[in-house]
Amino acid sequence: MTTQILIILAVMIAAYVAAKTAKLSVELSMFASALACGVAGAFLKTPPIADLGRHLVEGSFTYLDVILVFFTATLFMTIVNESGGVVYVVRATLRVFGKKRVLVLLVLMVIVLIPGALTGAGSVSLLVVGAPVAMALGRLGVSRKKVAAILFIVAGLSAAAPPVNIWAMILCAGTAIPYVGFEFTLGIPVLILGAFTVLVLGLKKDPGAAAGPAELPEPPKGMTWWRVLLPFAVFFGLVIAYRAWPFATPIFGLSLEFAIAGAVALLLSPKKIPFLTLARDTAKRLLPLLATMVVVGMLQQIMTVTGVRGLLSFAVISTPLVLLFFLLPVIIPFSEGILTYGGAAIIGIPLIWFLDSIGFHATVVIAGLSLLWPLGDGLPPTALIGRLSNMVSGYEGSYKEFLKATWLPWLVITAVGMAMIIFSSKLTFLVKWSM
Amino acid sequence: MKDDGMKREFLLKAILAGAFLGLVLWGGLPLFRHRHYDVPIIKGPGVTAVLRLSDFSPRLKGTAGDTYIFVLQGKEPGGKALIMGNTHSNEPEGMLTALVFIENAVVEKGTIYVIPFFNNSGSRNTRPGDGYPLTFDVPTDWGSRRFRFGNRDASPLDQWPDPDVYIHYPDRQLLSFLDVRNTNRTWPGRPDGPLMERVTFGAMELMRRDKIDVAVDIHGAETMFPVTNCIVAPEKSVKIATLASLTVKAMEGFENHVEPSPVGFRGLSHREIGDYSATMPFLLEAPIPFLDQPTGPKTTKFLLDGKDPFLLSLSKKKKLFVPYDESGWSLEKRVGQNLSVTLEIFRQFSKKTPDRPIVLRGVPRYADVVKNGVGRYLGDPAKAAAGGVVMN
Amino acid sequence: MIMIAYYVITAFVLVLFGWNFVREKKSRDDLVLYLLVMIPLLLRLLRVK
Ligand SMILES: [Zn+2]
Numbered sequence: 001m002t003t004q005i006l007i008i009l010a011v012m013i014a015a016y017v018a019a020k021t022a023k024l025s026v027e028l029s030m031f032a033s034a035l036a037c038g039v040a041g042a043f044l045k046t047p048p049i050a051d052l053g054r055h056l057v058e059g060s061f062t063y064l065d066v067i068l069v070f071f072t073a074t075l076f077m078t079i080v081n082e083s084g085g086v087v088y089v090v091r092a093t094l095r096v097f098g099k100k101r102v103l104v105l106l107v108l109m110v111i112v113l114i115p116g117a118l119t120g121a122g123s124v125s126l127l128v129v130g131a132p133v134a135m136a137l138g139r140l141g142v143s144r145k146k147v148a149a150i151l152f153i154v155a156g157l158s159a160a161a162p163p164v165n166i167w168a169m170i171l172c173a174g175t176a177i178p179y180v181g182f183e184f185t186l187g188i189p190v191l192i193l194g195a196f197t198v199l200v201l202g203l204k205k206d207p208g209a210a211a212g213p214a215e216l217p218e219p220p221k222g223m224t225w226w227r228v229l230l231p232f233a234v235f236f237g238l239v240i241a242y243r244a245w246p247f248a249t250p251i252f253g254l255s256l257e258f259a260i261a262g263a264v265a266l267l268l269s270p271k272k273i274p275f276l277t278l279a280r281d282t283a284k285r286l287l288p289l290l291a292t293m294v295v296v297g298m299l300q301q302i303m304t305v306t307g308v309r310g311l312l313s314f315a316v317i318s319t320p321l322v323l324l325f326f327l328l329p330v331i332i333p334f335s336e337g338i339l340t341y342g343g344a345a346i347i348g349i350p351l352i353w354f355l356d357s358i359g360f361h362a363t364v365v366i367a368g369l370s371l372l373w374p375l376g377d378g379l380p381p382t383a384l385i386g387r388l389s390n391m392v393s394g395y396e397g398s399y400k401e402f403l404k405a406t407w408l409p410w411l412v413i414t415a416v417g418m419a420m421i422i423f424s425s426k427l428t429f430l431v432k433w434s435m
Numbered sequence: 436m437k438d439d440g441m442k443r444e445f446l447l448k449a450i451l452a453g454a455f456l457g458l459v460l461w462g463g464l465p466l467f468r469h470r471h472y473d474v475p476i477i478k479g480p481g482v483t484a485v486l487r488l489s490d491f492s493p494r495l496k497g498t499a500g501d502t503y504i505f506v507l508q509g510k511e512p513g514g515k516a517l518i519m520g521n522t523h524s525n526e527p528e529g530m531l532t533a534l535v536f537i538e539n540a541v542v543e544k545g546t547i548y549v550i551p552f553f554n555n556s557g558s559r560n561t562r563p564g565d566g567y568p569l570t571f572d573v574p575t576d577w578g579s580r581r582f583r584f585g586n587r588d589a590s591p592l593d594q595w596p597d598p599d600v601y602i603h604y605p606d607r608q609l610l611s612f613l614d615v616r617n618t619n620r621t622w623p624g625r626p627d628g629p630l631m632e633r634v635t636f637g638a639m640e641l642m643r644r645d646k647i648d649v650a651v652d653i654h655g656a657e658t659m660f661p662v663t664n665c666i667v668a669p670e671k672s673v674k675i676a677t678l679a680s681l682t683v684k685a686m687e688g689f690e691n692h693v694e695p696s697p698v699g700f701r702g703l704s705h706r707e708i709g710d711y712s713a714t715m716p717f718l719l720e721a722p723i724p725f726l727d728q729p730t731g732p733k734t735t736k737f738l739l740d741g742k743d744p745f746l747l748s749l750s751k752k753k754k755l756f757v758p759y760d761e762s763g764w765s766l767e768k769r770v771g772q773n774l775s776v777t778l779e780i781f782r783q784f785s786k787k788t789p790d791r792p793i794v795l796r797g798v799p800r801y802a803d804v805v806k807n808g809v810g811r812y813l814g815d816p817a818k819a820a821a822g823g824v825v826m827n
Numbered sequence: 828m829i830m831i832a833y834y835v836i837t838a839f840v841l842v843l844f845g846w847n848f849v850r851e852k853k854s855r856d857d858l859v860l861y862l863l864v865m866i867p868l869l870l871r872l873l874r875v876k
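Residue numbers (this note's numbering), protein chains in the order written: chain A, 1 to 435; chain B, 436 to 827; chain C, 828 to 876.
If you are wondering where the hints come from, they were derived from the structure by calculation, not from laboratory data.
Every residue gets a Cβ at the ideal spot worked out from N, C-alpha and C, and that includes glycine.
Treat the hints with care, since some could be wrong.
Chain C is nowhere near these chain B residues, computed Cβ spacing over 10 angstroms in every case [claimed, not checked]:
1. Glu444
2. Asp576
3. Arg800
4. Gly808
Covered by chain C, according to a simulated footprint, are these stretches of chain B (three or more residues, beta-carbon under 8 angstroms) [what the hints assert, rightly or not]:
5. 445–452
6. 580–589
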């Protein structure tokens, strides 16, 4: 069976390479790769060829809710931006904090951390506050490349930050370990690593680098604080209301919360906004990202039904422990890059069971692992958060250069995450503090 | 010239749109049929009434959360028990165990309630990304019976959207957003909460109103999952669980250890049923290799025989939590052990509380099912008496 | 109520992508991607999955 699956895997990779060589986009190449994988599998009736359509279509649903969140959140922020709210906020922030650079950087970091911490999605951080923070950093003389790097790393940390960490939740749900005890276990490393990142990448001005617009555009007449803040207040109000009164508040879900906030922003805008045009542009701008989500879902399903996914999972679990510790810093981010959250299920769940059974402390291990996973959101083929952070920071240079700019925080985060995994039994005090 | 370009563009778009519609139909139709396929359930000789869960949780009425409750009332009074299958609809041994009870059991003392599709919505849902089969056939003496293979969580068509994080009622523990559709996290539920909370609330009400003594919630769990091949029991049920476990080991020769129900982990049946009613809960886990991550292709054959080369190799490296060899872990073994353990729990309960006995006959035990197959105990719906079949 | 809102959002996004598909002039790749994204949106709207 192993040989057969290896052949299917080879066909899958070959199809990707061939499609890429034929100058197809990343998304289409992945689609081609999923198709080829399914057809190769069909020779062995895994899946039967008649089921192939169903598997592709079913797989396309894997991230439907995430797609809707991305769309509504981006539309919301586009409206705020169009109404002049972003410019208004950035001008004010820089006016208030003025010259205290370290303080501004830390405040900006916390601003990026909050939405992702509350929702578990770094993308929400970027979509909601990414653009204004990027502009503020630009005004501080940080180059666009470094702005993108800061946003990427801090947004990743925000996703890992408590109270909501989706990787940890998937792992807890899959391993029957209660999702408790993560507040300090994750909170302390996230704050330290976040501060480290913004200071390392943002403390020095980049002379000569594109330091953002020399003069910020004037906000439109009639723009006021409450016009900017009210839509955000509505959004956070809805998120927090459910936390505060979970049994009296209906479940709105993130998409509707963003849609409502967007409607408020639309009503409060001091100038008229061409809503439909804006929505169509948003759809166009998000196309590669949303198509990636759809195609990754399909690919994941096809990989499972052909046994490729099982083989990969098997390979990881069969690796000897010491070797595994050396490989994890590579395997974990790449599993995220290829499968997004799927990686946590495929590799994470069996790994946690295994480590737990030989005396590691599961909660700390999960926390450590979930620092590594967000790094993978910058890796191809999906590179969701990496691409988003490039998008909101307006960085248009090479993606490789952007990744290179993240090397130091990347390395330190990896070291901290691995230390938490390897020395988990010595770090249980973090869990105890949290309870 | 310009006309030509437009024509070509139109043609390209028409072809692509056609391919799109083709794929949508090719993939969509089987999914639609899966959701609307009804499983026939034969009312066995012991069935005395068929109720709906909405009788106990009125706001389930007319929703996909509503489901059938089969009542098997004995001639003599006694204790009362509830059996639930398909709490997780991708763990079909629970549902099949429940069907074997419905179609075969004759209760002599006491009453048994059986809910074969506890998460009915989940049983009409599929799991994107995991490549499961849509249905599976269990061979019988007269042909085969076809069942839906569902998902762990309810369908978003019935409960949408999910929150960003699920806050458990009433303990406020934070659970994954997915768990708002997981009927083994929404216990004890609310009459007007999200649909799956209304489902568990219905079962809680049934247990409280009809004074049910014993509740058995039947699952399957991965072989790499530490809590597998066991009976999960809280403090109040642990004595009976231990006796049942020891007895099946001694008398029937299979392992099924007892796991204590953790107090800190909310929303599970083995926790909340005990805490919010007088009922003693038991959660049964039989190993289902099909659900493990490191396995070959997810075929129906693998679902039924539980044989996988990767798991075999991992077993030799001592990475599984159950014994595993070339014989796999078949559906017969899984259903058989669920049946024996359930019967043994009833027997131990009756011994401990002689004024509330639960006595029944007609239900096969482990050795019977391993020898004869599950299908031997499933009837032919075509031959059932008029009105003798319930479609679920 | 809230569920209806989600079908409205889904329909809205579906229409936007369909519209963009019809209007797209340049990229053939994008044409395919528009359709791929529309698959789950359309089938959810039709209450198939
Ligand atoms: Zn289960």
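Consistency of the hints with the structure:
Taking the minimum C-beta to C-beta distance to chain C, about 7 angstroms, the non-interface status of Glu444(B) is violated against the 10 angstroms cut. With a least beta-carbon separation of about 36 angstroms from chain C, Asp576(B) lies farther than 10 angstroms from that chain, consistent with its non-interface assignment. Consistency note on Arg800(B): stated as away from chain C, and its beta-carbon is indeed over 10 angstroms from all of that chain's, at 40 angstroms minimum. Against chain C, the non-interface label of Gly808(B) holds: every CB pair exceeds 10 angstroms, the least being about 33 angstroms.
Coverage of the segment 445–452 of chain B by chain C holds in this model, with 4 residues showing a Cβ closer than 8 angstroms to a Cβ of that chain against a need of three. Using a Cβ-Cβ cut-off of 8 angstroms, 0 residues of the segment 580–589 of chain B lie near chain C, which falls short of the minimum of three, so the contact claim is violated.
The structure shown violates the earlier hints numbered 1 and 6.
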